[in-house]
Amino acid sequence: MSTLGTIAPGPPVNGRRGSSSMAMRSASWRVTDRIGLGIAWLLGLIFCAICAAIVLFLLIEGLRFIRPSMLVTNPRAGFTQSQTGGFLGPMIGTVIVALIAIGMAGPLGVAIGVWLAEFGRPRAMARIAESTIEMLAGAPTVVLALFGVLLFESEPLGFLSVTNSNGVVFGKSFFAAGTILALVALPLVVTTVREGLQAIPDHVREASYALGKTRIATTRRILLPAIRPSVITGTMLGVGRVVGDTAIILLLLGDTPLQGVGSAPLLSTLRGTGSTLTSYIYNNAPTGELNQPNKAYAAAFVLLAIVLTLNVLVDVSGRRARERRWS
Amino acid sequence: MDLSDDQRAELWLGALVCGVVVLLLAMLGFILREAWPSFAHNGLSWFGSGGSADRQLQSIFDSGTANGPQQYEIHAWPMIWSTVLTTTGAVAISFVCSLFVAAFLVKFAPDPIKRVLEPVVRLLASVPSVIYGLVGVLVIVPFIGQHLITESERASVTPVIQLSGYSLLAAVLILTVMTAPVMIAIFAEGLRSVPRGWLEGSLALGVNEWRTFWKIAVRTARPALIAGTVLACARALGESVMLFMVSGSVGFAPNPADGLIVLFEPSRGLAPTILQNTDGLSSPPMAHTLYAIAALLLFSALTLSLVGWAVKRPMKRYQHAGGVA
Amino acid sequence: MELSHPPAIRRLHANQPSAVARPPVTKGPRVTTIPQRHNRVQTLVIERMAVQQWSVSYGGNPAVRDVSLPIRQGEVLALIGPSGCGKTTLLRSLNRLTELTPNATSAGWISLDGVDISTLEPTALRRRVTMVFQQPNPFPMSIFDNVAYVLREQASRRPRRAALKAAVNDALARAGLLDEVAGNLDHPALRLSGGQQQRLCIARALAANPEVLLLDEPCSALDPQSTRVIEELIVRLREEVAVVIVTHNLQQASRIADHVAFMYLGELVEYGTARTVFERARQERTREYVSGVFG
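Chains as they are written, first to last, in numbering that gives the first Met the number 0: chain A, 0 to 326; chain B, 0 to 324; chain C, 0 to 294.
Simulated from the structure, these hints should not be mistaken for lab results. Being a predicted model, the structure only gives us computed values, none of them experimental. We put the beta carbon where it would ideally sit given N, CA and C, even for glycine. Treat the hints with caution; some may be incorrect.
To be verified - Short, incomplete list of chain B residues facing chain C, as computed with Cβ under 7 Å:
no.	residue
1	S3
2	S192
3	W197
4	G200
5	L204
6	G205
7	V206
8	N207
9	P222
10	P313
11	K315
12	Y317
Stated by the list, open to error - Now the stretches of chain B that chain A is said to cover, found in silico as 3 or more residues with beta-carbon under 8 Å:
no.	segment
13	47–59
14	63–70
15	75–87
16	149–159
17	237–243
18	249–260
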């Protein structure tokens, strides 16, 4: 039984209240506030519309011009667009270049990320390393491409590409392009690994140290497997960037059909030149040499499909990364 | 000396990190070394204007393959100006739009729209620039050329430059769409990490949600706003492929004195210039010139990062709890 | 009202008739003697808010069941009870903060000066009924900006700093902070000590000139010295505003409260003056809680 003092009678019981709607809350807003909200809505929806427009446009145009034969034939010379073949070579080129880049950037990125998060002494070097990686993340890809030209056209690295009879190193090969693309993907992997490791609370590490495990063993056996979804996310983000890059390909891959150098089976392709979907699109656009818009649309469709798939995979893996709970 | 596992690992990893850092610093050094002849020959007039940049580039290239004195003279102002215009235009528009969209995404959008908008932002961020360029050159450029530029406008500038749809407007529009997703993602992350206690405290004082969001959340997220802007600027600076396809390939400095027509004038920024002249790398003076442009780009990106870092520092004063006063 | 019976007191010797199943009167922390109360000035008591048959559920789980009590200016009302008994939910209902939770539903009515608060604009209501939270949450601005925050938002045109100075100083004085920070109002608020931050939050809440001040365990994160200062402040403030304080610290409630409402499992078990509840509670459950049988 509760004891009550006298209470002024109130209005009759009103039982309907749930959470109030925006409309009710916005009644007390000023005009500027409401205009602001309106702008936010407008821009948000415009943004969605632009994305939808781009994707739909490429979808429609791509479907109009793509033929299954394009996926399995190589480009060849011809007079009309229907005679110039497909883009199998470029597709293979994209895959090769992505594999090389991730093959290098993946392990390297994990190593650097681990060092930054788990060791990181002396402090000065850690700061320099972080700043350098940040500089790399912000560097224009053309600049990296030029650096690649400098690097791979030099004598010592001539074995990675063709050296012609005058002793001039050609400097363009899958190796060259892949290496520089690894530099492009590196900051993404490093950042993802580092943040993933920093998100693991200390008590997990302490539990492992208390059992007598060394730092490196803890990292290898406990921490790295734990951040595997993050690593996969970072890697796939890197692949996304690598697959979409054009400037480095144009400068470091040469624009030829897939042709190998030398006779060793795998190495010859890697030392050789080729092209990728991005350079194919670039060349077939009206501003490029070949000017075949239909082919460009078809190839763009395929490229966009690859990027979309990667995005979905990143989404899924990112969700799995977020589901990890530590406490 | 018998090293423990940990010490060995630290040494190896440290050496690896050292190696990468040395490589990257060497990159800086090499590029500067290759760029030096071009800067040395031109001095400060490298950055100035004078003469047709295209003709200068051509003569530089020719002098490399011919026998005779090597030409280095270049006045790169038209390209610098073009880069400045496209970058600042795109980042300015993108900043405003991205802030609103990020606010919308974090707070004011209803759940179903939120679920659609987030993947949309991520998707747009990962579309390759060559595809943006393709859409630009096949859709936007003809649209501008055929529908937006009138004959009288064309006639008014014919003696100087041809207007054909490859224009500043197309470049800025597409660059805005390219940089917006990056900014939105970083802004949204910053806005989400505002402590709930502050927002609740403001609401409990009788301030409505919109103003709470702007006064507290946006103010707190200012470092993220700076970071996003710097990153977007860096991306815009380094964009070569899309700009090459869309902004025209003429070394022309758009002239604001022309009024609105300036939007329709073609130009070519620093990064697209490198791309256009990659065949010229075999000619030494051309190579030096291109490396000089690359050095300028790299230096600008670095300066941007520094400026961003410097601007963020005083903001930290009010946001972190210190010791007992 | 269903109350489960508390566990039976263990008897030492079953056949000793003198062993009684009553909470032993021991020399332990005796809450039943009211500790030294802060010096009180007799105040004029005016009824400000009335809660009538108020219930709140979160997605079907009832948090507050059918509570009715008055809130008066001139006195401090303490809501006490074990964790999860609904006192914080009741407090947050008074300024409609419960509406921020999506799945909250409510029934009954609460009135402020005779007007049903659900008919008021939420933002207008929250300026008349302000709240101070458990964790001090000053905004990441200077002290001056923190206190002036509400004043700036209330004005239709941005007021100049000089115009705000008087109001800011007044609020800081009422919160007992002016002496300590008068020298430097541009100091970042987050650099103050915990107690000072909490007083700043009180000053911020007072700057809006509220009629009711809600305090959600304001001292639970503070050291005893700061707690004492804030308690004295609360007792002084009750003359100007109605104060409702949620606390799990029974000694604190007995030190500062005029009326006490004891809640258990969402229901209002007992409401009465502090003296009554702590010394001669009518309900057995109240007596048990107050003497520490359960918490």
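Tested hints:
no.: 1; hint: S3; in the structure: violated, 43 Å
no.: 2; hint: S192; in the structure: violated, 13 Å
no.: 3; hint: W197; in the structure: holds, 6 Å
no.: 4; hint: G200; in the structure: holds, 4 Å
no.: 5; hint: L204; in the structure: holds, 5 Å
no.: 6; hint: G205; in the structure: holds, 3 Å
no.: 7; hint: V206; in the structure: holds, 5 Å
no.: 8; hint: N207; in the structure: holds, 5 Å
no.: 9; hint: P222; in the structure: violated, 11 Å
no.: 10; hint: P313; in the structure: violated, 11 Å
no.: 11; hint: K315; in the structure: violated, 10 Å
no.: 12; hint: Y317; in the structure: holds, 5 Å
no.: 13; hint: 47–59; in the structure: violated (count 0)
no.: 14; hint: 63–70; in the structure: violated (count 0)
no.: 15; hint: 75–87; in the structure: violated (count 0)
no.: 16; hint: 149–159; in the structure: violated (count 0)
no.: 17; hint: 237–243; in the structure: holds (count 5)
no.: 18; hint: 249–260; in the structure: violated (count 0)
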